[in-house]
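**Student:** Chains as they are written, first to last, in my numbering: chain A, 31 to 442; chain B, 31 to 442.
Please note that the accuracy of each hint is not assured.
The list treats identical chains as one, so a pair stands whether inside a single copy or across any two.
[What the hints assert, rightly or not] Only pairs whose alpha carbons sit at most 30 Å apart, straight line, appear in this in silico DSS-like list of lysine-lysine:
(1) 117 with 350
(2) 251 with 350
(3) 195 with 251
(4) 140 with 150
(5) 350 with 239
(6) 58 with 392
No lab work stands behind these hints: they were computed from the structure. Being a predicted model, the structure only gives us computed values, none of them experimental.
Number of protein chains: 2
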Amino acid sequence: MALIVQKYGGTSVGTTDRIENVAEKIIKFRKAGHDVVVAVSAMSGETNRLIGLASDISDRPTPREMDVLVSTGEQVTIALLCMALHKRGQDARSYTGWQVAMQTDSSHMKARINNIDDHKMRSDLDAGRVVVVAGFQGIDDNGNITTLGRGGSDTTAVALAAALKADECQIYTDVDGVYTTDPRVEPNARRLPHITFEEMLEMASLGSKVLQIRSVEFAGKYQVPMRVLSSFEDQDVNNPGGTLISLEENDVEAPLISGIAFSRDEAQITVRGVPDQPGIAHKVLGEIADANMEVDMIVQNIGDAVTDLTFTVHRNDHDKALEIVQKLGEELNASEVTSDSTIVKVSLVGVGMRSHAGVAAKMFDILASEGINIRMIATSEIKISVVVDEKYLELAVRSLHSGFELDGEAAA
Amino acid sequence: MALIVQKYGGTSVGTTDRIENVAEKIIKFRKAGHDVVVAVSAMSGETNRLIGLASDISDRPTPREMDVLVSTGEQVTIALLCMALHKRGQDARSYTGWQVAMQTDSSHMKARINNIDDHKMRSDLDAGRVVVVAGFQGIDDNGNITTLGRGGSDTTAVALAAALKADECQIYTDVDGVYTTDPRVEPNARRLPHITFEEMLEMASLGSKVLQIRSVEFAGKYQVPMRVLSSFEDQDVNNPGGTLISLEENDVEAPLISGIAFSRDEAQITVRGVPDQPGIAHKVLGEIADANMEVDMIVQNIGDAVTDLTFTVHRNDHDKALEIVQKLGEELNASEVTSDSTIVKVSLVGVGMRSHAGVAAKMFDILASEGINIRMIATSEIKISVVVDEKYLELAVRSLHSGFELDGEAAA
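Modelling step: build the complete structure from the supplied sequences, incorporating the hints.
**Tutor:** Following this line, the structure appears as structure tokens:
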């Protein structure tokens with residue numbers, strides 16, 4: 031008998047029928063003798079409906095009131111799910127964020143969880159009840175409603191699992207696990223039975239949108255095993271499959287490469303021919319940061335007393351960033367400022383890289399043999415990222431996928 | 031400068047445009063120097079949408095979870111109204127039932143308010159803020175969400191006014207006040223500038239559905255002056271009009287009759303020729319009460335050693351009540367059990383009756399002169415009710431309205 035925290039996202043609870051299916055799934059785990067605590071999102075579409083109401087009224091709705099507004103979405107789901115459990119004879123109790131004392135800081139719309147009071151939940155579990163908690167929301171020290179930001183229900187689930195010392199945190203979603211790469215780009219992508227927290231962080235932040243990145247950080251920090259599962263499949267309760275995300279130590283034979291992540295939302299900006307002097311990078315990137323934009327990759331070349339600086343930002347920030355850099359370019363006597371918003375980033379991820387040299391060389395070789403020009407390179411301990419022209423995205427992903435022997439059976 | 035509690039119902043906040051209008055209205059009162067606390071309902075249609083979701087899942091949804099579900103409706107409105115106030119530069123803060131410590135008993139879906147913590151509201155008012163509270167909802171001693179039942183937002187407003195010792199509780203609705211009778215039946219019906227709590231209770235319970243009856247009881251008990259106003263009209267802040275509901279004492283010249291109430295939802299059941307013995311009425315009416323039906327008017331005639339008993343119930347309860355009484359009629363050897371579900375009740379209401387004899391005689395005279403047969407009569411200190419055939423409803427209301435000189439300018 032285990033204590034399992036399950037999280038069901040918006041699509042999984044998108045209709046009352048689907049909520050009834052979730053109730054059936056929970057009861058299967060109960061019948062197998064497990065204790066179950068559930069975190070749920072708002073029914074799909076509901077959060078957007080609420081945000082639409084707010085934007086009808088104001089271009090800049092107050093963050094405190096946004097949290098009061100959108101937190102109703104999950105509150106609706108917890109009530110409906112408990113009703114569906116009750117109808118099936120399963121005792122259950124719903125809790126909003128404040129009822130379960132999901133204490134957060136006061137950063138409305140992006141609050142961080144500080145503490146959870148597990149008292150009520152423990153006594154419910156002891157009484158044989160399923161506990162259903164509203165995801166995504168909390169309460170600050172002054173009794174204000176807070177939310178964790180989009181995707182925060184994953185974090186709620188992991189925080190509940192950490193507080194209750196659960197055996198596993200199961201994230202039910204509309205895919206059946208984490209894949210070696212996006213199956214829409216590479217039909218031979220394989221589901222990974224296991225991946226480490228570290229790899230998952232690189233995969234998630236690089237554009238594989240299965241899990242909310244903060245929840246993975248949280249799970250890694252508190253060593254809560256997470257499992258990604260399909261809410262539309264019927265799992266074997268004792269061997270549920272999906273993808274298990276846990277510590278590296280459990281994995282005796284880590285593969286060289288776990289997966290290939292990519293991101294289409296990239297843009298590149300280059301300043302050329304700036305007279306070389308200390309602090310150029312800081313000056314340029316500092317102003318970008320001050321304007322609340324995030325810089326991802328950075329490359330600086332120093333030539334004959336002049337410097338070239340290239341960096342990437344989110345594609346939505348391209349125009350704003352370019353404007354700033356053009357102004358700076360004049361001040362700094364740059365010979366040229368150029369930009370390109372038709373680039374993408376492709377990354378190899380794998381803890382196996384740590385102990386194997388030559389991964390980068392093999393990667394560049396594969397890309398070169400396909401005639402794909404690499405425009406930027408960045409490496410870390412467990413990933414290698416390259417920037418290439420947008421038009422090469424599919425070719426790059428597929429050639430790397432087969433080149434590093436990730437191909438499996440074609441995904442369904 | 032006064033402290034005013036305002037309540038806006040579902041129609042008044044039915045769209046984001048209407049919520050913006052409400053914000054404008056509130057700001058007018060603020061600009062005139064008044065402190066304003068607002069209680070709001072769910073946007074019209076929202077509560078029914080939520081109940082619809084619950085009934086998709088269960089025929090008998092758990093009351094605790096129903097309250098978790100439907101209380102989200104008002105929570106949406108408080109957030110949107112605060113956003114609309116903020117956009118106009120008016121500082122404001124929203125509170126759910128639990129945030130303002132609206133303590134109730136644990137009767138889910140029909141809870142009663144025990145206590146309110148005015149601490150936060152006071153300091154907001156001192157800081158120049160408008161306070162916006164979710165109507166209809168509270169929290170019990172165990173931290174469960176409760177609701178006050180349909181129409182409960184009026185009660186929330188009065189409870190807030192009582193706790194804060196407000197100068198006035200203004201109920202904004204889709205009519206501009208309380209009328210002498212329903213203008214759809216009598217176009218000459220007049221708006222009453224003033225009515226007592228007692229009269230309003232009789233008017234409300236008899237079918238003039240302007241205010242939730244419990245809120246009027248509450249206002250009377252705590253002597254909170256209430257005012258019914260149209261949310262679609264532009265009031266003079268210092269002389270807002272509508273209908274003021276307050277204690278009798280303020281009214282030096284109470285009119286004989288304040289208004290004529292009526293109810294179409296009536297049915298009558300008669301048991302004839304029961305051998306007269308003590309406890310017949312108790313036996314019959316006791317079984318009706320045990321079956322959870324409410325009996326309104328009761329008439330018993332005792333003839334030559336036999337008794338006739340007639341009573342009225344809500345028209346929806348007619349079939350169920352008749353079945354019970356037919357069974358009893360056999361046991362009691364009644365000569366006949368009859369019923370009629372095409373009757374209505376018409377009532378004269380007025381505190382002036384207390385000091386004037388002859389109101390009943392005049393009423394019966396007016397009805398007789400129109401050829402309207404009176405089937406039952408019931409009187410109290412400030413009202414006289416008669417049961418007549420359904421087909422005479424309009425004629426009875428109109429002839430009484432002009433006979434007691436209630437006619438005014440035709441209502442718009």
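**Student:** Work down the list of hints and note, for each, if the structure agrees.
**Tutor:** Taking the hints in turn, this is what the structure says about them:
{"no.": "1", "hint": "117 with 350", "in the structure": "between (54 Å within a copy, 26 Å between copies)"}
{"no.": "2", "hint": "251 with 350", "in the structure": "neither (36 Å within a copy, 63 Å between copies)"}
{"no.": "3", "hint": "195 with 251", "in the structure": "within (13 Å within a copy, 52 Å between copies)"}
{"no.": "4", "hint": "140 with 150", "in the structure": "both (26 Å within a copy, 25 Å between copies)"}
{"no.": "5", "hint": "350 with 239", "in the structure": "within (26 Å within a copy, 58 Å between copies)"}
{"no.": "6", "hint": "58 with 392", "in the structure": "neither (47 Å within a copy, 72 Å between copies)"}
Comparing the model with each numbered hint stated earlier shows that hints 2 and 6 do not hold.
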